[in-house]
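Trainee: Just so you know, the protein sequences line up as chains A and B, in that order.
Quick note: the first sequence uses numbering that gives the first Met the number 0, first residue 0, plus one each step.
Quick note: the second sequence uses numbering that gives the first Met the number 0, first residue 0, plus one each step.
Don't read these hints as lab results, they were simulated from the structure.
All of these numbers come straight from a predicted model, not from anything done at the bench.
We put the CB at the ideal spot given by N, CA and C, even for glycine.
Please note that the accuracy of each hint is not assured.
What the hints assert, rightly or not - Label-pair ranges, simulated between beta-carbon atoms: (1) B:Q64 x A:R127: 28 to 36 Å; (2) B:D726 x A:G37: 31 to 39 Å; (3) A:E16 x B:V588: 52 to 60 Å.
As a plain string of letters, each chain reads:
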Amino acid sequence: MSALEPEVDITVTVNGEIVTARAPARLHAADFLRQRLGLTGTHIGCEQGVCGMCTVLVDGEAVKSCLMLAVQLDGRQVQTVESLAEDDRLNPLQQAFKDEHALQCGFCTPGFLMTATALARRGERLSRNEIREEIAGVLCRCTGYDNIVKAIEKHLEETADADAARVAR
Amino acid sequence: MTHILERPTGPLGGSHDDRTDAIGSNVPRKEDDRLLRGDGRFTDDVEPPHVLHMAVGRCPFPHAQILGIDTSAALEVEGVKHILIGSDVRAATEPLTVLRPVPGAPDLHYYALAQDVATYEGQPVVSVVATSRHIAEDALELIDIDYEPLPHVVDVIAALEPDAPVIHPHVLGSNLLVSNRDESGDPEARMAEADVVVAGRFRINRVTGLPMETRGIVVEWRPGARELTVHTSTQVPHLVRKQLAESLRLDEGEIRAVASDVGGGFGLKLGIYPEDVLACLHAMALRRPVKWTEDRSEHFRATTHAREAVHDFRIGATADGRMTAMTNVYATDLGGWNSSFGSAQLSSVVFNGPYKIEDGSVERRVIVTNKTPIGAYRGYGQPEVNFAYERLVDQLARRLDMDPLELRAMNMVRPTDMPWRNPSGAVYDSGDYELCLRMAGDAVGYDEHRKAVRGPRPDGRYVGIGLSSFVERTGYASSRFLARRGSQFGAHESVTLRANRSGGVDLYTGVSTMGQSSETAFAQVTSSVLGIAYDKVSVHAGDTAASPLNTGAFASRTMIAAAGALKDAATQLRDKTLRLAAWRLETEVGTLEVAGDRVQHRSDPDRYVLLSEVFSMAILGQGLPPDEEPGLEATAHFEPPDAAYSFGTAAAVVSVDPNTGDFDVERFVLVHDCGTVVNPKVVDGQVRGALVQGLGAALSEELRYDADSGQLVNGTMMDYFAPSAADVPPIELLHTEVPSPVTTFGVRGVGEVGTIPPGAAVANAICDALADFGVELSTLPITPESVWKALREQRA
Chain A
0 MSALEPEVDI TVTVNGEIVT ARAPARLHAA DFLRQRLGLT GTHIGCEQGV CGMCTVLVDG
60 EAVKSCLMLA VQLDGRQVQT VESLAEDDRL NPLQQAFKDE HALQCGFCTP GFLMTATALA
120 RRGERLSRNE IREEIAGVLC RCTGYDNIVK AIEKHLEETA DADAARVAR
Chain B
0 MTHILERPTG PLGGSHDDRT DAIGSNVPRK EDDRLLRGDG RFTDDVEPPH VLHMAVGRCP
60 FPHAQILGID TSAALEVEGV KHILIGSDVR AATEPLTVLR PVPGAPDLHY YALAQDVATY
120 EGQPVVSVVA TSRHIAEDAL ELIDIDYEPL PHVVDVIAAL EPDAPVIHPH VLGSNLLVSN
180 RDESGDPEAR MAEADVVVAG RFRINRVTGL PMETRGIVVE WRPGARELTV HTSTQVPHLV
240 RKQLAESLRL DEGEIRAVAS DVGGGFGLKL GIYPEDVLAC LHAMALRRPV KWTEDRSEHF
300 RATTHAREAV HDFRIGATAD GRMTAMTNVY ATDLGGWNSS FGSAQLSSVV FNGPYKIEDG
360 SVERRVIVTN KTPIGAYRGY GQPEVNFAYE RLVDQLARRL DMDPLELRAM NMVRPTDMPW
420 RNPSGAVYDS GDYELCLRMA GDAVGYDEHR KAVRGPRPDG RYVGIGLSSF VERTGYASSR
480 FLARRGSQFG AHESVTLRAN RSGGVDLYTG VSTMGQSSET AFAQVTSSVL GIAYDKVSVH
540 AGDTAASPLN TGAFASRTMI AAAGALKDAA TQLRDKTLRL AAWRLETEVG TLEVAGDRVQ
600 HRSDPDRYVL LSEVFSMAIL GQGLPPDEEP GLEATAHFEP PDAAYSFGTA AAVVSVDPNT
660 GDFDVERFVL VHDCGTVVNP KVVDGQVRGA LVQGLGAALS EELRYDADSG QLVNGTMMDY
720 FAPSAADVPP IELLHTEVPS PVTTFGVRGV GEVGTIPPGA AVANAICDAL ADFGVELSTL
780 PITPESVWKA LREQRA
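Using the sequences and the accompanying hints, generate a full structural model.
Mentor: As structure tokens, this is what we get:
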């Protein structure tokens, strides 16, 4: 252990896989995912919790991983954008983004996908204005947001319908 | 009236023979799957083995002499590998070059690290490479730099006053870098004769494009191979290669620049920055890969800013509303140095907007200040000047007691006038400006609003409608135009198409992918012309080692120029494909067509040969007709004969609380024409995204400098307010489609248009709402506070 870079051992489940690692105490979680695990789909835009590029799910909740230290992931479940595709195909949320042209440069897209994944798990339909409020923690400079809102609205409706059908059965 | 998303699909313009339904249709984007799955490859995603990390120490003062730098303590830190200071850089490099100089401007030698004097807060002074970014930043803390702060000036007007400190005294006698003037007719005589002259001073705020991905670079140097590989987040890989070669004293052939996925550019990633030269120098000294990723706090100080300008504008008119003259003198900020694209130049080109002015003059004065350098940003001067002339047109309407829409309509250039040369020499090619204006008025119920009794709504708010009409130059008016201005790039675009044995076509382009959907649009055009299935076109973008030498993605020029190159290359490929297939099928070329994955008889589709077979014939050189050479690829270059001018009108409906100045943009409509549309969804996305940037710049974004300290006071995302999803007003897009006669397929540029009209449209709406209070706004951004202050001044 270097004097400049004190390190800590952690065990974390990332996208279903148990990972044990030694992380510098001052390494934030987004850097850990990118640099130590090669999960470069999680992006970094401001490192002060404003832009939302680094949003991932920690124990099912959408969090900005630049505001967490890697050591705080110890014992937690992490889900990143790399986990979303199903059988090498886009999942319904990703497909909705593609259908609605909800991405341009794509740098913010993982942040919106993970935020929307957490939203969809609530199983609620939301109005477009409610969706706009829910996703206001992730910035996009390309799209003007409208198509992102449409894609998420479509996905929330599909998810709510599927939940209702399950309950009915 | 056609809504952009409900427009008919199918072939548009041009010869039907060259089309499948790919041009004009919403094909799925080539770029999407990788970006949706986290498989994009942005610069910071590139991680070579044994990579080292760079951190840059920056001047904390707006203007300071550097008396000494002591790096000894930093060099002792475990993990620190290399440190560069100004004298090292001066010995090893040439100054950074400028791609788009201000015409007639002297050279301000700019090295990657400050020499004796730093001229803005954030200018690089020292750089450190270490085994981790953390350690490199720790080491920066230990470097002792002895600064002598110098007098500074941050305001563009104050910078011209006689007592202002001269920022580049070795080159300039004042802070005026240069002034340029364009004129036609005799505007002063027309002003003297005019029944009415309106004049105003309009201030446009300093903003930044704020791409979500900051800049970054990863450098690998193999001295034995003389090969410098540079992964970088840029819009112009081939121009980065040129500039790096010039600064590093290398041959271009020794440099490979790669930009695969770029997380937004908007003009900020045009050409090299100091950090690019520094990372290369470190990597070459250490023979180890070096990486630098700009952090957001650096980005706010080290990546170019935009827009800041003061426009003095006059319009002369007859009593019945005919505009007879326009003059515009403006001061535009350069910042502390001349960046690759310097200060915005297009204010001059379209200063008269859509109005038919024969007697006009425009003078640009480029001013040096102690602030972060200005560079290109979406719109490049056109949003600034639009705010000035469109605000003033509304003031003229009030002076003449005329309807602002009718005043605009009667002065617009008419379709029958075009091509028409404006006072600065721009040739407006075609279009129906008045139609867009009237469509915008109809969409927001303009006539009803004008007829309604003025006064507050039941909720106490006053409602106004504001218009902003514009003409936008897209692309460049030829390489001759660029040569006269000293620009270091061409007006053309270049592309290579190469058949492969799987029956597909590989498309190689130096245009990097930054959200503009060029991979998709290029594949659409190739598919349309060649007849091959869209899915069988593989696009390889942004690598100088695997693309023809091109210009790059900026100035809304990519499609304007690339469409011609793509058409030419795809035609060459198609013609040879048909000749080989005719030989193979023992028939005449004229009886065949390329269709998806095969070449087939037009009248008997069951008689066909697969493209994979035809392409293999050419690639193997086996089974060819006796007069054919082996191989199947084509490189084409295309320069359009002139720039294409997009146009349109925005209409904003805004309600205002006259007590607090609080306002809501309740509707925002843009009617726009970008000529032939290649992909409607992509066009919609470009226009909408740019509009939101324009609304941000008009209503919430401003980089503020404190005059006393010269410091940037809001250089973080916490206090620079780019719009979030919750901040965007309802936007409706309408559309006309007049093909441009000067481009292949009739396309006009589309990437920047949305940034132009929001400021004037919203300001005009607020001033319309508050007309009874006498409010005239002349400064951006417009905030509830600024509206409240304007109300208070009128009441006082």
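Trainee: For each hint, tell me whether it holds in the structure or not.
Mentor: Right, here's what the structure says about each hint:
Range check, Q64 (chain B) to R127 (chain A): Cβ separation about 56 Å, and the 28 to 36 Å hint is violated. The hint said 31 to 39 Å for the Cβ distance between D726 (chain B) and G37 (chain A), and at roughly 35 Å that hint holds. As the Cβ distance of E16 (chain A) to V588 (chain B) is approximately 57 Å, the hint placing it in 52 to 60 Å holds.
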